[in-house]
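**Student:** This is what each chain is made of:
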Amino acid sequence: MSEHEHIVSYKIIVIIWLVLLVLTGVTVAVSYLNLGALNIWVALGIASTKSALVISFFMHMKYERPIFKLCLLVTLCILAIFIGFTFIDVLYR
Amino acid sequence: MSEHHKDHTGGKLGMWFFLLTEIMLFGGLFILYAVYLKRYPKEFISAGEQLDIRFGGGNTLVLLTSSFFVAMSITALRRKAKRVTLCLLSGTIGFAVLFMINKYFEWSAKIHHGIYPGSPHMKEIAPGESIFFSLYYITTGLHGLHVIIGILLLSWAWFAIKTDRVNHKDWLLLENVGLYWHLVDIIWIFVFALYYLVL
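For the record, the sequence lines run as chains G and P. Each residue of the first sequence is one higher than the one before, starting from 3 at the first, in the numbering used here. Each residue of the second sequence is one higher than the one before, starting from 4 at the first, in the numbering used here.
One or more hints might be untrue.
[Claimed, not checked] Listed next, the in silico BS3-like pairs over lysine-lysine satisfying Cα-Cα at most 30 Å (straight line): (1) Lys165(P) x Lys13(G); (2) Lys64(G) x Lys85(P); (3) Lys64(G) x Lys172(P); (4) Lys64(G) x Lys83(P); (5) Lys9(P) x Lys172(P); (6) Lys64(G) x Lys15(P); (7) Lys41(P) x Lys113(P); (8) Lys9(P) x Lys83(P); (9) Lys85(P) x Lys13(G); (10) Lys71(G) x Lys172(P); (11) Lys71(G) x Lys83(P); (12) Lys9(P) x Lys71(G); (13) Lys41(P) x Lys106(P); (14) Lys13(G) x Lys113(P); (15) Lys83(P) x Lys13(G); (16) Lys15(P) x Lys85(P); (17) Lys64(G) x Lys9(P); (18) Lys15(P) x Lys71(G); (19) Lys41(P) x Lys126(P); (20) Lys126(P) x Lys113(P); (21) Lys13(G) x Lys126(P); (22) Lys83(P) x Lys106(P); (23) Lys13(G) x Lys64(G); (24) Lys85(P) x Lys165(P); (25) Lys15(P) x Lys83(P).
No lab work stands behind these hints: they were computed from the structure.
In isolation and in its complexed conformation, chain P is listed as follows (with noise of 0.2 Å):
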């Protein structure tokens, strides 16, 4: 039985040439929103004061420690420590989860008061003010959406490490899936930034 060839650089390499089209795919909507803030910027700023601190900031610390959780992780299936490992990403899974329900609350919040794509409100409002949650809802769905997938890639990660195909020799799958996870982290980062911060 001939082993089959592990390349676990070329593997890694791959994963990261796919981060950076997602970095193109999210720098695109962050461009629409520059090129519209400018053209806005009166109804930007009135439109992100609806937007509330509190659900950007705390989502925000919960994709750090759920980054953190999956860098930890790591280091210690790396280590041998199989259980520390799989604590570790049932951490960053919790923590993950713990995002989309303080989103579903933040939508929810916003979609109660009729703001939402498609909403009879949007039309009654001034169109800078609707463009703004048109690019909040689209960037932050399809982040939401990236944050699903991730959850689920975090999973098959922790059945893969449970059932010793992922291990201390041979741990790229939960190295990549762990790259991806930062990106959603990263992308948030610049989210919390544009939509919670500046205006």
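Chain G extracted, bound-state conformation (with noise of 0.2 Å):
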């Protein structure tokens, strides 16, 4: 059964991996422009492709079956709510 799992095959590992470096790069050198309050967008936006990378690719995740995915977007979600929740009572003392 799970020996008809796929593998992720040492190529794309490897192209995953230098596109990490070069994103890591790119937020880097980002990180000295002066965007103002972009800075932060950007950086995260960067993190967040390169966790998307990780998980996708590294984690197995694209090629799992749909519950794993799941799983993980109701996480998101309930983070999502946590922190969207945080900063309506913040922003507006």
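Hints are included, so try docking the two chains, each in its own frame, into the full complex.
**Tutor:** Shown next as structure tokens:
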């Protein structure tokens, strides 16, 4: 049963690793530019992209059955609610 | 002798459930960061400038490479290349140790300058700055503890593969340890962005 499970090729792992290194360089370089309030969103955006690549390929999520993806999605939604409601409070004090 | 029934998918889902709780744990710490950044923007910026992007960036590259090695090791094991698997796993552990060595130097430098939880210096600086450093130590300290646990788990996997308990037919232990390790990497990706880059 699990023998039929997809194996991620060496080639894809190496490519994703190189992309992660490049994205790290990009995010460091951008941090030296002064974009004002945009800095934090660019940094978080690149961090999220890197994480998505690690989750999809290194953690094999791209090839997992839907229940795995659903569990992660639900968790991220709960976290978003946690952040969102905290800031609805904090921003309007 | 009845064969012990193993549920690979169930076992993997179980590890994912645990990782999702870890996301909530560190997520909580990041929310604290966000709320206090909103309250003390100037102090967070001036405290953040005291963190060295070379330590943070270097450690980011170290953990990304460590994750790369463990991902490769799973493919190697499933392709029955046991010696390659053990080499790659050794690389994973080696880079994990390198991360802790960097962390040791980074924290030593800070502690040498009197910046550590409960220090006299912490009482003198602005409240926003001391909160920044408290959050920095709690978050990176908890993360460092996870790295140490990861090193132990990866070493356990190494020996299990060496003794053929984990192999191309039954690789769930390595896969689950790998999943844990990737999450440790992802947490650091966000720590790096929020503590070293933004401020």
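**Student:** Tell me, in ascending order, the numbers of any earlier hints that this structure violates.
**Tutor:** Violated hints (numbers, rising): 14, 21, 22; every other hint is consistent with the structure.
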